[in-house]
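Enquirer: The residues making up each chain are set out below.
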Amino acid sequence: MVINTVATLAALFPAEVVSAEWLRMRADRNITLLAHPALHYAGDAMGRGSLTFQIPRVGLDGYRILEQVADGALVADRELDDDESSLSVAPWRKSYAFTDLVMAVQSGQISSTILARDAVMAAGNTLVHMVAQLVGGGSNTSGTPGAALTGLHILQAKNRLSARSVPGPYICVLSGSQIEDFQGWLAATSGGGIQWLPATAQQIAAWGDGYQGNWGGVDIFLSNRVPTVNAGVDSAGGMFGLGGICWGDSSFAPEPDPNIVDMGGVAPGGRAKVRFERARTGHAGKTSYITHANIGAAEGDDGCIESIITLAT
Amino acid sequence: MARSVGHDDDETPAAPPPPGKDGLVEDEEEGPGAPALTDDDLGLADGVGPVDLPLIEARRPSLFQFHPKRWQVMEGQVVPLLAPMPLVGGIGNVKALKGGKVSIATAVAERAKRGWTVLRNDVEGPGTSYLYWVRVAGGGRAFLTRWETAHNGSTVVTSDPKGYVEWLRKLIDTGKIPAPKSYVLEQLKARLTQELLELKDKVRTVPSAQVELDRKKHDLAVVERELKRGGPLTPVRAKPVKTGDVVAKE
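Respectively, the protein sequence lines represent chains A and B.
Position one of the first sequence corresponds to residue 3 (my numbering), numbered consecutively onward.
Position one of the second sequence corresponds to residue 12 (my numbering), numbered consecutively onward.
By construction, these hints were calculated from the structure, which means they are not laboratory data.
Mimicking DSSO-like on lysine-lysine, the simulated pairs with C-alpha atoms at most 30 Å apart in a straight line are:
hint, chain 1, residue 1, chain 2, residue 2
1, B, 80, B, 239
2, B, 80, B, 173
3, B, 213, B, 228
4, B, 109, A, 288
5, B, 173, B, 192
6, A, 96, B, 109
7, A, 96, B, 106
8, B, 173, B, 228
9, B, 112, A, 96
10, B, 250, B, 124
11, B, 211, B, 200
12, B, 181, B, 124
Could you put the whole structure together from the sequences, leaning on the hints where they help?
Expert: Okay, here's the thing in structure tokens:
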């Protein structure tokens, strides 16, 4: 007896159907970390004549106290304390190319709107990637290489930043394994004097998926782009206050081309920070969607960074 | 590559399987000495072959950088805690050039102002390298240090900390990295002593902390040994202050 089944009637039943809603692949999406007051925005290179910013630090607002002198004595003129660091902006791009056939056949997962949204988020995530790469490179370190992260290490970093008069609030960027160890320590200790304030849904919506919560006044973010050190044994996360890490960008000059959309991105000022353009290659029957951003980040005042080096696995 | 069960495309279809076997090819032998089962035997329509590339993300290279304040005890030795300097344009004053290359001149100068020394890839000498690269499954290359090993078909990267520590000690012994100053070792000793005291309290209620306590004692002994090995500090030359220079005679 012949039975018609789904398997035998392959011509009538497709092997797979795409579900109506799609899921995002796992990634660190922390773009609103850029709005945190601990990150210093150096400025927009557009029209400045150089891709390199010099970020001055000046010893004013009470930096030097008065000098005691005898009555009638002259006080010597002194030099104003100053220091500077620099950062360079570089072009960053991403391109997706789709054939005409793909765009015709696909059922709505790919559209220029979706790709434009991806463009803005990718630009923000790129900057967060830069911050994560820099935070472990401070000359001052807390934590114990080879040992799991505990709250004592975070407290140590915070206290050391405070002792160096680094203005708060502080931001702490840690790797996934460091966050895991910290959460484990929190669960194991009881009666701690500092309460852990986990991220609420509203805070995650405001700060991004990577925001973990606040502990002792320090906002803690997860980024798996934090590098490893010691031959991969340890993670190099860190904590910093204002002036520790600086970033800058360059807006795009207006381009009267209907295939180019300039978007405000996430920086202050609302200028065109992310360029999303559509480029057609007719001979290949394909269209490329290209994202451009010009961004850079660098360490500022090394004393405003406290790297936290602890076990990576 | 999909493989159909029981027959190849160019051959006549295989005879239907005997009742009860459900398409599985009958082996002549059974037991531990039998030939390994093939995808056909398992009734797999699609072959599942090994992935011949690591499943890690592509990553750009990073050079090591050394700072005289950053020291640690690792594998029973006092060694520098090197930091990575990513060779990516836009990060830390590295400038992107044409052809995918980067310029690190500004980056090196900025770091030198803050006391960092960048260790070039061939710090041991011409023809040597502490970096290597592998192709990865997602496309592109991942740059790793000599003491990290990526594995095909896996996201795991294993480490060789002993080899890394030996290399660091060799750089110190050959003068490529200056030995730690005694005041830096004193700070390290103070930090370890404090951690040891905290662990002595902790171990009263958390017995498993004994392992960490023993390790900390050992690390402290290593630092004390290193302190004894180093000579006295050369103080900065200064003139002694005479009281009469600063206090008026009354």
